[in-house]
Amino acid sequence: MDAPSYTLSKIAERDNLAVYELFFGPNHPGMHGNFGYVLEMIGTEIVKVRPNAGHLHRGFEKLMEQKLWVQNIALVPRICVVDPDPNEVAYCTAIEKIMGVDIPDRAKFIRTITLEMSRLTSFLMGMGALGAALGLYTPMYIMMADRDLILDLFEWLTGARIYHIFNIPGGVRNDLPEGWVERLNEVLDHLEKRLIEYDKLVFENPIIHKRLKGLGYISKEEAIRTGITGPNLRASGAAYDVRVDDPYAAYPYLDVKVITQDGGDALTRAVQVRLEFEETIKLIRQALKEMPDGDVRLNLGNLSMLKVPKGEAYAKVESSKGEFGYYVVSDGGLKPYRVGVRGPSLPAGLLYAQKHLPKMKIDDVAAWMASLAICPPDIDK
Amino acid sequence: MIELLLVPLITTLVLAFFIRYKRITWTLFLAANGFVLYKLYSIYGIWNLSYKVDTAYKILGAELTLGVSNNPIGWYFAFFSALITLLISLFSIGFNKNSRSNVSVIWMLIIFSNLGIFFAQDWVTFFMMWELMGWTSFFAITNGKDKALDGAKYYLALSLFGAALMLIAISVLAQYTGTFQIFASAYGLLQIINSSTKLGIGILLLFLTTFLIKSAIFPFYMWPQKVYSEGPEDYITFMSSVMIKYGIYPMAIFIVPVVGSADLPMILNTGNVLQYTIGYLGAISAILGTILAIFQTDMKKLFAYSSVANMGYILLGFSSMTIVGFEGSLFHVVNHMILKAAIFLTLAAVVFRTGESEMHKLGGLVYRMPLTFMTFLLGIIAAAGIPPLNGFGSKWMIIQALMSKRMVVFAIAMIFASTGAFMYLFRALASIFLGQLPDRYKDVKEVPPTMAIPMFIMMVIMLLTGVVPGVVMKPLTSALKAVGYNVEVASWTTLEGSLKNSVIDLKIVFYMFVAGVIISALMYFFGNKSEKVPQNDNYTAGEYPEEWGVDADRFNYSYAFYQPFKEMFEPLLESVSIDGFFASIGRNFEFLSSTIQGLFKRGEGAVLLFSIGVLLLILGGLII
Amino acid sequence: MMAVLRVFLFGIFAIFIGLLFMGIGRKVIARIQLRYGPPFYQAFLDVGKLFARKSITHNFVMDLGMVMALGGLLATMLFVPIAGHVAVKTSTNLIVIMYLMAIGYLGMAMAVAASGNPNATIGVSRALTMMLGYEVPFFTVILGLIIVNGTSSLELISQSQAGSILNWNMIKFPLAFIAAEIALQAMMGEKPFDAMIAPAEIASGPMVELSGKYLGLAFLTHAVSIFVETAIIVNLFMGGASNIFTFVLKQFEIYLITIFIEAVFPRFKIEQAVKFLWTVPIGIAVLQLLLILL
Amino acid sequence: MELPPAMTSRWDVERFGVGPMATPRQADVLLVTGYVSLKTLKRIIRTYEQMPEPKWVLAFGSCTVNGGIYWDSYNTITNLAEYIPVDITVSGCMPRPEAVIDALQTLMKMIQSGEAGAYKKYKENYEYYKANQDRVLKKTVPVLGQTPKNDLEGKDEDAKE
Amino acid sequence: MKMQKSDIVKLLLDRGYSVFDLYHNQIALAVKKENLLNDLIFLRSIGFEHLSFITAVDFIDEGEFEVVYHIWSYTHKVHILVKVRVDRNNPVVPTIINLWEQAQFYEQEVHEFFGIKFEGNNDLSPLFLENWVDIPPLRKDFDTREFSIRLYDAEVDGGDR
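Residue numbers (the working numbering), protein chains in the order written: chain A, 1 to 381; chain B, 1 to 624; chain C, 1 to 294; chain D, 1 to 161; chain E, 1 to 161.
Next up, chain A with everything else stripped away, as it sits in the complex (with noise of 0.2 Å):
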């Protein structure tokens, strides 16, 4: 008889040739984005993971430093292209906290609406994605074409389906257009229809209460001490979330609910995703009641021609994924000095791949990347 399975790795180190391998991307139709694991594996068992990132490495802290300041605005959505307007807020957080500018609220509150959409479009592809993984094909369709509806609105507000490069410097580029608010408070109620139809394919599922639970379980200490952050941070039973901890835009005047829960598993994490979409719906509400009238945008002159004072920051934000970070270096020039990013999904694409697939089966491997949402673009920059 084989030995028993909790042995595999010892066998791993006895028979080099019980062990074969298994390249779980970048080309592979389980994985989001072009990313790979080259699993070592004993039957369906992991054994040992070496991650093969860099291939979406497009040298983004390099152009930065190539391109005028607001020029860059077009760059920074393309790092996380699922959710790409915590990018743009956040770097331009980072150079009005340099210039030492304040925003006006109208605009803080039009950028907290959109990232917050950005937020909504980006757990319809995650919820979907996940169901994906699974198998269950039909909740990533839906999700998709209710994705649409928001996509749509940003169409209409920016002029972009994706890369909207909105925010500026100083604000956003002009107000939200006439008819815009009822039709979003429409696609709203829609969306909050559509949860129930939601819940009773994806989390009511019995299959998928089996498939995920107990997968990938990350403690509080674990997931704190390893830089976790976001959603799958609030699923182990840490209540941190940087639009309450280190509030930017219009989240001070909003209360924002943080949701945590204790389970750590793969199951809790997409729960979690499922009610801090409710949560951004109801904030949504909240920021169109409380929006104030007045300028959208601070008047910095010749933005093209934009000088940033000497000096550095670290701008945050809290997107769908985690802490979304930029660190602007400036030397007072026209272009920045130094922008380091900080993606999300850093710890858990790398670390967690190294520490956490082990031992697990290579069924669970989609399953578990997409509980975790890691979006490869973000590791790559």
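Read the hints as simulated data drawn from the structure, not as lab findings. Careful, some of the hints might be misleading.
[Stated by the list, open to error] Pulled a few chain A residues facing chain B out of the computed Cβ check, cut under 8 Å:
hint : residue
1    : Val19
2    : Phe23
3    : Pro26
4    : Thr44
[What the hints assert, rightly or not] Footprint (simulated), chain A over chain E, 3 or more residues, beta carbon under 8 Å:
hint : stretch
5    : 23 to 34
6    : 46 to 52
7    : 77 to 84
8    : 94 to 107
9    : 126 to 136
As the structure is a computational prediction, the values presented were derived from the model and not from experiment. Glycine is no exception: its CB is placed at the ideal position from the N, C-alpha and C atoms.
Chains B, C, D and E: place on chain A using the hints.
Chains B, C, D and E in isolation, oriented as in the chain A frame:
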């Protein structure tokens, strides 16, 4: 009649004399075999042949008459086992070409005792031949391999235990019935059961245990994997295909008639207690053998467990106690003989060329050994019981019999085992012959003709018996008819089940299969042409495996093939821990056997054994 | 000569119906997913395209295996009575059908394992495990019907339900029908029992190295298997049919049920699937068996 | 990133019989969605070469035409057509789903009229493509002509440890 | 127990650090590379448990690299930028992988892009780039535009068209 036994015996002695001259010995061997086969063929249907030696001794109130006779079922077993043994020994010529030892003597001795067992007229002769076979196989297993000694000792100890039980049973039976004749004592036993049920069942169980041990049926399923894993491949081919049936033969001629007609307590108005006992033993063997085979990493152990499962089928067929089930079981005996021989020959060929029997270290051998692959493929299709190869017909008959008797649990066990058979059989196929060819086997060649020819003949036989089962069924049914069963002589291609409208024509199945393949092949040729790419040109998610240090060896999924499935059974196997229990018994047996072996080395063993036997005989007599 | 033509026609018919079902199935799923979906004849176009393309083979086993797969299933198909017609006059024995079906799977498994891709081999290993999972409950169901009817001939079982709809085994033995339906779901490899071709896990498993006509053959094999499996269920539980149109319609009803289940369930892990198949459907089937026996 | 919407409920390319396939073996069209970094290019080439003929390449987004917004990045190529033959390109960054569907339909028409045969070009001009691929993928000397002094030292020390 | 930012600044000043007050909740802290590990351990012990990331800045005019550790405290809600200056010609910094596991990857990244070596970290293999033989790309003396033009034949004003 006696010349059939005398010729092999004398040839053995002559061969021992010429042991240094391989060419001469093998020529003699073939000649003797030719005679045996011819003789066997010619005595078909002449059931009154016999040869007797009246010793004038009277032991335990029974007259001791040693003798051999041509009985129909014995002939059926003897003919096919002799045929298969000949093919295996032919293979063995090539297999042992480079070794110094000359195996022809052992093969001749085996053929002799083989015939002796199947033609024995009385229990004493049967016992003698039985023991001769046991000891011969002990030497054959240990031949040249030190590692094999452990398994061989285990086997020896177990069969000694069985032999002791049989000796007791024979003596008690002789005392009560006053005869040593097998057929006569069967009727005697029936009367014992009817008068004193407990005693009768006791005797029957003693016999049954012996036969179970020989045929590796639960709870004695451990020895094949121990013996096969290290034994010489050519000899274990014989063991797994022919020798494992030695327990089946006495069951067929002795146990089944007695149980079938004995007046025992009934269960569920479909069968009696013993019938169900046999059935459950068979069902457990079938299921356990299947599950354990699925988990093996060593190909020889895998097929050892597969044999256990197949013995289980045969027992299940017996347990139905219908004529269809009985026919099916006996048919399966021959089918299993053929297909197991074919499979083990290919394994022997693989080991011969690569020296490796761990499946995950092999792979991709189809590139180098296509004929071996084809033999193996047909072998596993047959073993899985897929038409149009053999193995299907017999399984089908057994299932039919079980269903007609409403033995639901046994039928399900049968289906479980034969579906599970796909799993382990395919695993062996995929791991050994398919997949990536490791670099170190780049220079492996196909086996030489002496080994290839027997394999090819095996293929032909498998297909022949699959499409024209009458080749086996005709002699079988006429033999059964001769014994007195109420059967029709089978036709060449049809098989008859026991349910309504259940006649299948394997010829039509074969035609259908051919038709399907022709349509499918037309489709294939209708498509655009294909391009052959090297083995390492695989989908790897776009990665270059060589850049990650992955060679063909590390790109083969074959170790822990059914890991998820296995994990389902792990708690079960651990809690029941059948293996552990029997392993401990095994250790005790090994201890016993090494003691025995120690005695044997000093030359006292034979004496001791003989005295133990006599002692047991006397004791048995005294007690009763 | 007539027999040859007849066999050929039966084969083509099965392939045609199977592909039609696949196309309609895709459309139905698309509608469930709020999409327009491909045209119903898409499956034919796909297969045509695949056969027209060049393809890649690793060794002769791949060719042999794929031909064996389709051949085996076509042979099985010839044994299944369709609205009372059988390709060649023979006893339509259920056990023969079940065993013959296995040769198709074996051929497929062999072909994909020959490519030497671990993804494919994992898929095969799962498929075979799944097979053990569904064969046992399915056989338990069949066993009940065989015992009731005293025959293992599919044709006789189908004929025994003639007359009104109340004679259908589906009505008489509803539990058995449910168990068989679950087993059928696994047999067809639809969700939640599609662990063997899970694209997100093992890159569509067995299909991973199949290209061009090999994939085309795999498609056809799947089409024929849909036909055979639904036909078996129709014969067992819905009393066959008097003409071919009703028969195909009944088959389609069965297929539609599997498609509906497929659309709204994620997949089980293989061990979960086998555990499920060995508890729920077997439990139901055994209950039915007890009701029949006692 | 606009591919998922194109495939899903709102635009649903499947109604034209277009569906995603899991592996290159089964695919007809290789969609290169956006910028191509060096590491990706290498995988794209392997994937492309594994596809059975006939095969087509749809380059998606401006980044594959001239590098797009990443034209001066050190890690992304500027023109995909230098490395593998491209049949049709979709401009825009990112192109809208309609553009993708339009491109796919145009490609279908091109295939029917026999215009799209870039894979033949790849066979004919294999040396040209191979040379370009090797030039960017198998560098052995620094492009800018400077020896990375510190780095080499660092690496040596690494090796010693 | 939550500390105000001013308390933390005071505490740090008392221990002799050079502290720069940045914004409403950000502090910059310049430390010596010999003390780096101890200082980080101290910071962690007073509640700065979240390492956001590690990055570096190339001050080419001053001939120094600055490695920046971004540390956040969930309890105090204060962000500290711990800065270490190292000589550009011999950039060696002690590793902190024993403190924060994820630092492994940030250090690999910084090593790859700046050539800064982390003493004690045995695995500084390239994470993102393949076959890179030029000077580390994020250094100021690496001209990505020139590189792109040389290697990929990028058009000089391709980005602007």
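Each hint, compared with the structure:
1. Val19: Since the shortest Cβ distance to chain B is 6 Å, the answer is holds.
2. Phe23: Result: holds, 4 Å to nearest chain B Cβ.
3. Pro26: Holds - the Cβ of Pro26/A comes within 8 Å of chain B, reaching about 5 Å at its closest.
4. Thr44: holds (5 Å)
5. 23 to 34: Contact hint for the stretch 23 to 34 of chain E vs chain A: holds, 4 residues under 8 Å.
6. 46 to 52: Coverage by chain A holds here, the residue count being 4 at a Cβ distance below 8 Å.
7. 77 to 84: With 3 residues closer than 8 Å to chain A, the stretch 77 to 84 of chain E meets the three-residue bar; holds.
8. 94 to 107: holds (count 6)
9. 126 to 136: With 5 residues closer than 8 Å to chain A, the stretch 126 to 136 of chain E meets the three-residue bar; holds.
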